[in-house]
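J.: With chain G fixed as given, assemble chain C onto it according to the hints.
What follows is the residue order along each chain.
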Amino acid sequence: MATITLTVNGKSRMANTDPTTPLLYVLRDDLELNGPRFGCGLSQCGACTVIVNGAAVRSCTLPVSSAQGKSVTTLEGLGSVAHPHALQKAFVEEQAAQCGFCMNGILMNAKVLLDKNPNPSVAQIKQALANVLCRCGSHLRVIRAIQRAAREKA
Amino acid sequence: MERKTISRRELLKGTGALVVSFSLWSPVSRAFGQTANPANVEPEATSLDSWLAVAADGTVTVSTSKVDLGTGVVTALSQIVAEELDVPFHQIHMETGDTSQTIDQAATVGSATIERGGPQLRQAAAAARQELLKLAAASLQTPVEKLTVSDGVVSVAGDSSKKISYAGLIGGRRFNVRITATGTGGAMKVAPEVTAKDPKSYKIVGTSAPRVDLPPKFTGEFTYTADVRVPGMLHGRVVRPPTVNTKPASVDEGSIQDIAGVVKVVQEGSFVGVVAQTEWAAIQAARKLKVTWSAAENKYPSTKEEVFDYLRNTKSARDQTVVSRGNPDAAISQAGKTFEATYHWPFQLHGMLGPSCAVADVRGNGATIWAGSQGTFNTRKQVADLLGLPEKSVRVSYRESAGCYGRLSPDDVPLDAALMSRAVGKPVRVQWMRDDEHGWEPKGPAQLLTVRAAVDGRGKVTAWDFIDRSFPWTENGSPLLAARQTGHKPAGAGLANGTGGGGQIYNFENQKVVAAMIPWMWPDPMPLRTSNLRAPGDVARSFASETAMDEIASSVGADPVAFRLRYLTDQRIIDVLNAAATRAQWSARPSPARATSGSTASGRGVAVANRGETMTASIAEVEVDKTSGKVTVKRVTLAQDCGLIVNPDGVKNQIEGNVNQGVSRTLLEELKFDASGIKSLDWVSYPILHFPDIPEIEIELLDRKDLPALGSGEPSLVSVPAAIANAVFDAVGVRLREVPMTPERVLAALKSGATTSQLQPVG
Chain G
1 MATITLTVNG
11 KSRMANTDPT
21 TPLLYVLRDD
31 LELNGPRFGC
41 GLSQCGACTV
51 IVNGAAVRSC
61 TLPVSSAQGK
71 SVTTLEGLGS
81 VAHPHALQKA
91 FVEEQAAQCG
101 FCMNGILMNA
111 KVLLDKNPNP
121 SVAQIKQALA
131 NVLCRCGSHL
141 RVIRAIQRAA
151 REKA
Chain C
1 MERKTISRRE
11 LLKGTGALVV
21 SFSLWSPVSR
31 AFGQTANPAN
41 VEPEATSLDS
51 WLAVAADGTV
61 TVSTSKVDLG
71 TGVVTALSQI
81 VAEELDVPFH
91 QIHMETGDTS
101 QTIDQAATVG
111 SATIERGGPQ
121 LRQAAAAARQ
131 ELLKLAAASL
141 QTPVEKLTVS
151 DGVVSVAGDS
161 SKKISYAGLI
171 GGRRFNVRIT
181 ATGTGGAMKV
191 APEVTAKDPK
201 SYKIVGTSAP
211 RVDLPPKFTG
221 EFTYTADVRV
231 PGMLHGRVVR
241 PPTVNTKPAS
251 VDEGSIQDIA
261 GVVKVVQEGS
271 FVGVVAQTEW
281 AAIQAARKLK
291 VTWSAAENKY
301 PSTKEEVFDY
311 LRNTKSARDQ
321 TVVSRGNPDA
331 AISQAGKTFE
341 ATYHWPFQLH
351 GMLGPSCAVA
361 DVRGNGATIW
371 AGSQGTFNTR
381 KQVADLLGLP
391 EKSVRVSYRE
401 SAGCYGRLSP
411 DDVPLDAALM
421 SRAVGKPVRV
431 QWMRDDEHGW
441 EPKGPAQLLT
451 VRAAVDGRGK
461 VTAWDFIDRS
471 FPWTENGSPL
481 LAARQTGHKP
491 AGAGLANGTG
501 GGGQIYNFEN
511 QKVVAAMIPW
521 MWPDPMPLRT
531 SNLRAPGDVA
541 RSFASETAMD
551 EIASSVGADP
561 VAFRLRYLTD
571 QRIIDVLNAA
581 ATRAQWSARP
591 SPARATSGST
601 ASGRGVAVAN
611 RGETMTASIA
621 EVEVDKTSGK
631 VTVKRVTLAQ
641 DCGLIVNPDG
651 VKNQIEGNVN
661 QGVSRTLLEE
671 LKFDASGIKS
681 LDWVSYPILH
691 FPDIPEIEIE
701 LLDRKDLPAL
711 GSGEPSLVSV
721 PAAIANAVFD
731 AVGVRLREVP
741 MTPERVLAAL
751 KSGATTSQLQ
761 PVG
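Chains G and C supply the protein sequences, listed in that same order.
Each residue of the first sequence is one higher than the one before, starting from 1 at the first, in my numbering.
Each residue of the second sequence is one higher than the one before, starting from 1 at the first, in my numbering.
In silico contact screen, one side only, chain G against chain C (beta carbon under 10 Å); selected entries: (1) Thr-17; (2) Leu-33; (3) Pro-36; (4) Lys-89; (5) Glu-93; (6) Asn-104; (7) Arg-135; (8) Ile-143.
No wet-lab data here; the hints were simulated from the structure.
Just so it is clear, the structure is predicted and the values come from calculations on it, not from any experiment.
Glycine included, every Cβ here is placed at the ideal spot set by N, Cα and C.
Bound conformation, chain G alone (with noise of 0.2 Å):
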């Protein structure tokens, strides 16, 4: 067991645990929180995502004690239902999910890609999201959806 120190969106906080668990248990288990997601276990499927240090991560494979002293943003983040970030507010508007279990993942992704590249085409938007799984097809709404955040946040 170790003592690991995290920041999570933006409050310091601490983990009794094993250093090896993946930092996805840790957040979901220890800090209650529910945006990432266990999809695959593998890096697979992207429903786990998470923002280190500016970066997209799959936390279903990183072990807890790599990610000690970073700043981690998860989902909720982001922002909530009564205060979202406009990407969360552009798909409600767009309707942009159907069972939502992948949305973390599309999210996340979508986060990292806009703060790069403020103005995404819709191939750059596929290409950023190409090992992102959605099984319901929503698609081409999520497209829409970033597109739509982009416009509003310019």
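T.: Only chain C this time, still in chain G's reference frame:
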């Protein structure tokens, strides 16, 4: 945007009308220990209070066993109730899928929620409105005929100063009114004696009300099954056998003694699981636990060819003949030209993005289960049978899972969680790992489909003989995985894989359409288990029948749309086909398109379908890379008539999803297995459609206010695969009669050219 989450029972609790209320998180001993209370009222279909309650603040809480699987039905059902009651949409709160609080209206399956569950709730709401008007008439001392309702306020026509709200009439109190309810489940008729509104006056139904569940899904505030946390909850993982039909000969607990936090290795019969204090400890322990498995008792098919040979050569256990007209055999034997082709559909996965998960709290003589089951009452029975408890002692409370497309119709994981919770006497959350889900989910069955047809000298189809040879759904109606592992026997061969899509949409003078159920070769077919997969069976049957129609059209030099119109008789499907053709700017000509010299070829294909009386037509436009064999679907135009449309954007969302799943299943998806078990155990070995390959989607909705609202969750999937196959033929002149149309298969077909369809002259 925050929706009220107070339960109907909690609403009523404060009134003294109903004394017992479950606290959601109360331990089972409390929940069940105190429910033996004479004041406890089990939901009854004939009690209006069992369907809905009006709170003091005007919120209307509606109880239904129908659940949202991520398709938006709860929003649509809310619209139906709001419309009938004349209350604002946002004042409706739906309480769904809790076996202790809802009437069993049947599981959420088969696109039947709006079609069947909708009228049940509508009639309950109409009965409530009628009762509220009676109360208002007394309160306002005005005859009912002179009252109007707007936004939950009853007023006197012509004198708006005389008014009273629903909340003022009954807020927080029970109706204590009996209504009629006959039949059970989806066939239940609720309050048929009450006249509901004329759909022409609808103001809320028919609008694209935004989904009530979406905002918190974008922020992490939504509670999925996987997010349920109960005080004292432990984490469990299952340890499935590496090969089929084996038993744990020995379990070496010493192999995990170095993992901190392991609470118990649970072994019952062939079931093995690990319970630990943390999720990570449970995962590691389940991976590391050394189990020696016995030799497999039954041989498992090693190739798909073996499976298809078995389907071809095995006697059907049950033939469902859906059309039998004239004498197709005689017509085919006498015909100038005949057509015969066989089509193959593989085992496919539901592929839930989040694997199965449930929380069980089994203590004393009761159990509480939090699950994503499509039918919580089915799960209640499964768990009760497993634990040897009366059904009333088991409460299953619904929490949404990842989209499941039929997979959670037989929901396995609550049984795993129940066994583990009983073993440790504490609540246990069990989540399957990705290989558990891919490996052990019940698959959509493989199907082998044959079409024979006869064509006369003028190019007219004179006979059609269609047979689908399909495995049944082994897991529907039988004990589920953990129950089988603990000695419960299957109830029978399983349920048949549906009958739609075999060409019965057309009218031929000699016509036979048969769906044959081929039973499994082994008594206990694990893990090649099967169940209903979205539009079950229809997708493969329609792939075969609509490809065959295209093959025949091509052979007689007919335009594929015009050719279909010759044999369609139902005006609704004719309208849908014409609407799709117009929207896609279809230009009439036979397939294939004129050959081009470049490395890519383009084509278009059409297909139609009727699933549950919802009519769809798909037109696919594809590009085929002749060098690599890769098929890219560029655009799908889909027209649909699903009767009266409750929520147009919700319907479009379903269609978009179905088109993308249809493309994915047609081009990419095939379960791999060999004699040792399932080999598609992750998203690399079972790829699905990725963002860069999605098509553009054009949707044409035909709103039919003169018809009842019909299902929309599945039908638009059905016509997509054949439209793609036909477009590929149009592009490159070769037929793909097996799904998925991988680059390897397309290249092989291009090389052999042998799949080019031609009618065979007799003799």
